[in-house]
Every structure is written in C-alpha cells, then in structure tokens.
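A.B. asks: Please arrange chain B on chain A, whose structure you already have, making use of the hints.
Order-wise, the sequence lines are chains A and B. If you want our numbering, it's the position in the first sequence, counting the first as 1, plus 1. If you want our numbering, it's the position in the second sequence, counting the first as 1, plus 91.
If you're looking for bench data, these hints aren't it; they were derived computationally from the structure. Glycine is no exception: its CB is placed at the ideal position from the N, C-alpha and C atoms. Treat the hints with care, since some could be wrong.
[To be verified] Short derived list, chain B residues pointing at chain A, Cβ under 8 Å:
1. Ile103
2. Asp104
3. Ala108
4. Val112
5. Gly114
6. Leu116
7. Ser133
8. His136
9. Ala152
10. Val167
11. Ala169
12. Ser180
13. Ala187
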Amino acid sequence: MMQLVLTVTAVVLSLAAAGVIIRIARGPSLLDRVLAADVLLGILGAALCIDMAVNRHLNNLMLLVAVSIIGFIGSVTVARFVADRREQPRES
Amino acid sequence: MNPEPFSADMVIDAVSAVFMVVGALMSLAAAVGLLRFPDLLSRMHAATKPQVLGLFLLLSAVGLQMRSLWVWPVLVVAWIFQLLTVPVSAHMVGRAGYRTKHLHRERLSSDELEAVVQHAARKRGSTDEEQRGG
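Just chain A, same shape as in the assembly (with noise of 0.2 Å):
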C-alpha cells in the first residue's frame, strides 16, 4: 500500500510543481513569482514529509524547518524591497 501511496503521491506532486513553475515563469508581476517561489518550497516540503513517511526514518525534519526559515525570509525580504520600487500602478 506504501508504494501505491508514493506513486500517487509523487504523481499529484510533480504535477504541482510543473503548474507553480508556469506561474513563476508566466507571473506577470514579481510578487506572483515570489509567491509561486514559496509554495514551491511548499511542495518541497511535503516530498520531503512524505520521504520521511513512507520510509519511516526522520533525518529531513532539521532540512524541513530550513526549508520554512528560507521561505519565510526570501519572501519577507522581497516583499520589502518591492514596496519601495515601483511608483506607476498596473494592472496584473
């Protein structure tokens, strides 16, 4: 059932990827592409529980609390400079 559960899995999960990455390759502004950029690291995240699920060992937990920290710092970092830059309104 473990490997019917990983296929599956890793499926849904490839197709996630290839969707977010469109959106950060497409993302008309660069808040959408820092956006897409966290829910990729999201994505990261969960291959990494599901590895950790499936195989029952916990050696990805510290990489998984890494993972959240450099998300969290990437996007506040970016959203911060962004706000500063651009002055003329467009539309996304």
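C.D. replies: Below, chain B alone, put in the same frame as chain A:
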C-alpha cells in the same frame, strides 16, 4: 492471507496513507489556484493551503508512521513554527501588493484600507500646503 484483516497496524497505515494523499492534493490545489486565479490577493488565498493544512496532514502522517510518542513534540514545534511565519510573510506580500496596485479593485467586496490611505494622503497634502504657504 491475512488472518486478522483489521488490525490496528493496518488502520494506522490506512489513515496515514489518506493523510499523505490529501496533503499532496493540497499542493495540487494550490498550483491550480495559482494558475487560474486572476490577481495577487486571490492567488495568496490559494497559496496558503499546502503551507498550513497540507503540512499538518503530512506531519501527522509522519507521526503515525513512526509509531512512537516522542516524535510528536518535534512535529508540533515544526508546525507551530510554520504557523508563526506564514502570516508574517503573507502580510508583507499583501501589503506590498496593495501598495503597488497588484489587485483588481472591482473584485474586492470591502476595502477597509482605502479610507486609511486616503486620510493619510489628505493629511500629507494639507501639511504640504501649510509648509508652502508659510
């Protein structure tokens, strides 16, 4: 083949399998929302699903699969850390998106920030007038 078809082990396996599949579907839902929603604020709504509920389901699956109680505090700490950081980054992204006008204003049902922004702009304009007059 299995003498006891509904053992506790199998039930725990089934529950954690359901948690994993649903948690992965949260990521897929976020990707579909990111692709199909029209502006930044509604995309932010979709992006929160795997970060909070998806991570909760997947960490629960890890805890169930490990079959030991001492794992749970670590997983709870990881989830609470995510709960503390996600609103902060969402606030920053939403604030920057509002300021740089990355939203469809006709889609908002209420805009509580607009009155504050206009009040601040009027205040700044009047102080500019006073300084220019004096």
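A.B. asks: Could you run down the list of hints and mark each one as holding or not?
C.D. replies: Going through the hints against the structure:
1. Violation of the interface hint for Ile103 (chain B) is found here, the shortest Cβ-Cβ separation to chain A being roughly 11 Å, above the 8 Å cut-off.
2. About 6 Å separates the beta-carbon of Asp104 (chain B) from the nearest beta-carbon of chain A, less than 8 Å, and the hint is met.
3. The interface hint given for Ala108 (chain B) is met, as the beta carbon of that residue sits about 5 Å from the closest beta carbon of chain A, less than 8 Å.
4. Taken as an interface hint, Val112 (chain B) checks out: its beta carbon lies about 6 Å from the nearest beta carbon of chain A, inside 8 Å.
5. Checking Gly114 (chain B) against chain A: minimum C-beta separation of about 6 Å stays under 8 Å; hint holds.
6. Taken as an interface hint, Leu116 (chain B) checks out: its beta carbon lies about 6 Å from the nearest beta carbon of chain A, inside 8 Å.
7. Evaluation of the Ser133 (chain B) hint against chain A yields a violated restraint, the C-beta minimum of about 10 Å exceeding 8 Å.
8. Hint status for His136 (chain B) relative to chain A: violated, with the closest Cβ pair at about 11 Å, above 8 Å.
9. The beta carbon of Ala152 (chain B) is positioned within 8 Å of a beta carbon in chain A (closest approach about 4 Å), and the interface hint is therefore held.
10. About 12 Å separates the beta-carbon of Val167 (chain B) from the nearest beta-carbon of chain A, more than 8 Å, and the hint is not met.
11. Residue-level restraint check for Ala169 (chain B) holds (minimum Cβ-Cβ distance to chain A is 5 Å; threshold 8 Å).
12. At a threshold of 8 Å, the smallest CB-CB gap from Ser180 (chain B) to chain A is about 4 Å, leaving the interface hint in force.
13. Taken as an interface hint, Ala187 (chain B) checks out: its beta carbon lies about 4 Å from the nearest beta carbon of chain A, inside 8 Å.
Comparing the model with each numbered hint stated earlier shows that hints 1, 7, 8, 10 do not hold.
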